[in-house]
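> The first sequence maps to residues 206 to 439 in the working numbering.
Since the hints were derived computationally from the structure, they do not count as laboratory data.
Each hint should be verified, as a subset may be incorrect.
Label-pair distances were calculated between CB atoms; the ranges are [said to hold, decoys possible]:
| no. | residue 1 | residue 2 | range |
| --- | --- | --- | --- |
| 1 | R253 | S296 | 26 to 32 Å |
| 2 | A324 | E279 | 15 to 21 Å |
| 3 | R253 | P303 | 17 to 23 Å |
Below, computed lysine-lysine pairings styled on DSSO-like, alpha-carbon distance capped at 30 Å [to be verified]:
| no. | residue 1 | residue 2 |
| --- | --- | --- |
| 4 | K289 | K311 |
| 5 | K317 | K272 |
| 6 | K320 | K272 |
| 7 | K236 | K218 |
| 8 | K249 | K289 |
| 9 | K320 | K289 |
| 10 | K319 | K289 |
| 11 | K272 | K236 |
| 12 | K218 | K320 |
| 13 | K289 | K218 |
| 14 | K236 | K289 |
| 15 | K289 | K272 |
| 16 | K319 | K272 |
| 17 | K321 | K218 |
| 18 | K249 | K218 |
Note that CB positions come from ideal geometry on N, CA and C, so glycine has one too.
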Amino acid sequence: MGRAPCCDRANVKRGPWSPDEDMLLRNYIQKHGTGGNWISLPSKAGLRRCGKSCRLRWLNYLRPDIKHGGYTEEEDTIICTLYKNIGSRWSVIASHLPGRTDNDVKNYWNTKLKKKMMAIDNYQSTSPSTTTTTTTTTTTKTTESLVPYNLTTQTSSEVSTDSSSSAEQHTENTNGLNNGNYWSGYNGDGEVEAMLFELGFFSDGYDQTQDQVMGDGGPWLPTLTNLWTFSDLP
DNA sequence: AAGTTGGTCAACCGCAGGTGC
DNA sequence: CGCACCTGCGGTTGACCAACT
Numbered sequence: 206m207g208r209a210p211c212c213d214r215a216n217v218k219r220g221p222w223s224p225d226e227d228m229l230l231r232n233y234i235q236k237h238g239t240g241g242n243w244i245s246l247p248s249k250a251g252l253r254r255c256g257k258s259c260r261l262r263w264l265n266y267l268r269p270d271i272k273h274g275g276y277t278e279e280e281d282t283i284i285c286t287l288y289k290n291i292g293s294r295w296s297v298i299a300s301h302l303p304g305r306t307d308n309d310v311k312n313y314w315n316t317k318l319k320k321k322m323m324a325i326d327n328y329q330s331t332s333p334s335t336t337t338t339t340t341t342t343t344t345t346k347t348t349e350s351l352v353p354y355n356l357t358t359q360t361s362s363e364v365s366t367d368s369s370s371s372a373e374q375h376t377e378n379t380n381g382l383n384n385g386n387y388w389s390g391y392n393g394d395g396e397v398e399a400m401l402f403e404l405g406f407f408s409d410g411y412d413q414t415q416d417q418v419m420g421d422g423g424p425w426l427p428t429l430t431n432l433w434t435f436s437d438l439p
C-alpha cells in the first residue's frame, strides 16, 4: 500500500492561482501567520487548495520580500560557484541570495545559467590559451582557468591567501568554479559562507571563529572582489 | 496569417527527514 | 522503538508566450 495522499485530490483545486486566492492566502497569513500547520491552513483561510500548494504559493510568490527576475552578475556568480561546489542544493544556494527562492534559483539555473556554464566549458576546452593553472602556489585563488581574458578581477595576490586546512588541499586550478572536489567538505550553511569567504566573496570579512559574516547583521549580499563575469565571455 | 519551435516559470509530484506521540 | 504526520526539498511537468518559419 502506498503512502496516503496529503489531501483529497478530488476536492482541491489545482493549477494556476487566481488573484482572489492569492488575496485570501495573503490576508490570512498576514493576520494569523501560518500557524505552523499548512495542512489545516487552506480550510481556515477559505481556500480549496492543498496545504502544500498554499505553502509553495506563499514561499515562492506571495511573500513580501520576494524578488523576481533581474538577476545580477554577482548573483549569477554566487549561484554558479555554489552549484559547482555543493551541487543542486537549491535551498542552500537560495538562502545565500536574499529575496530569492529555491524554485526561482533552480529555474534560473536550468533555463539560463546552465547554458552559460556550458558555453564557458566549451570555450575552455577549445581554447589552448585557457588551460593555464596555478603553479606558483597551492593556495592562491585565481580565475585564470575559467575566464580566458578581460578579467574583472583582482590579482591573485590581492585575494585570500590564508593557509586554512582546507586550502591545503589545493593542488591546482583553485578557482571554486572549476574545481568540483575541493570544497566537497563544505556542506552546512556556515561552511558555505566560509567557502565564499575563501573565494574572496566578502569585502568586509567573514569571521570564521564566529562562523558569521562581518557586516550589518542583516541578510548579507557578498561583494565580489575577485571573480570573473559572464560579460567577459566572447 | 497560421503553424511550429523553443524558452520561461509556476506548480505539481514523490521522497526524505524531522518531530511528536 | 515504531508509527503517523508534517514539512522541506529537488526533479519534473505543462501552460503560456514570443520568436521563427
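> Are the hints correct? Go through all of them and say.
Hint check:
1. R253 to S296: 26 to 32 Å: Between R253 and S296, where Cβ atoms are some 28 Å apart, the hint holds.
2. A324 to E279: 15 to 21 Å: Given range 15 to 21 Å: holds, Cβ gap about 19 Å.
3. R253 to P303: 17 to 23 Å: Violated: the Cβ-Cβ distance is about 33 Å, outside 17 to 23 Å.
4. K289 to K311: holds, 14 Å
5. K317 to K272: With a Cα-Cα distance of about 17 Å, the restraint between K317 and K272 holds, given a limit of 30 Å.
6. K320 to K272: holds, 22 Å
7. K236 to K218: holds, 23 Å
8. K249 to K289: This hinted pair is violated, its Cα atoms lying about 43 Å apart.
9. K320 to K289: holds, 14 Å
10. K319 to K289: holds, 11 Å
11. K272 to K236: This hinted pair holds, its Cα atoms lying about 22 Å apart.
12. K218 to K320: Given pair K218, K320 is violated - Cα atoms ~35 Å apart, limit 30 Å.
13. K289 to K218: Violated, because 38 Å separates the two Cα atoms, which is more than 30 Å.
14. K236 to K289: Roughly 41 Å between the alpha carbons, so the hint for K236 and K289 is violated.
15. K289 to K272: With a Cα-Cα distance of about 24 Å, the restraint between K289 and K272 holds, given a limit of 30 Å.
16. K319 to K272: holds, 21 Å
17. K321 to K218: violated, 38 Å
18. K249 to K218: Satisfied, since the Cα-Cα distance of roughly 15 Å is no more than 30 Å.
Checked against the numbered hints given earlier, the structure breaks hints 3, 8, 12, 13, 14 and 17 and satisfies all the rest.
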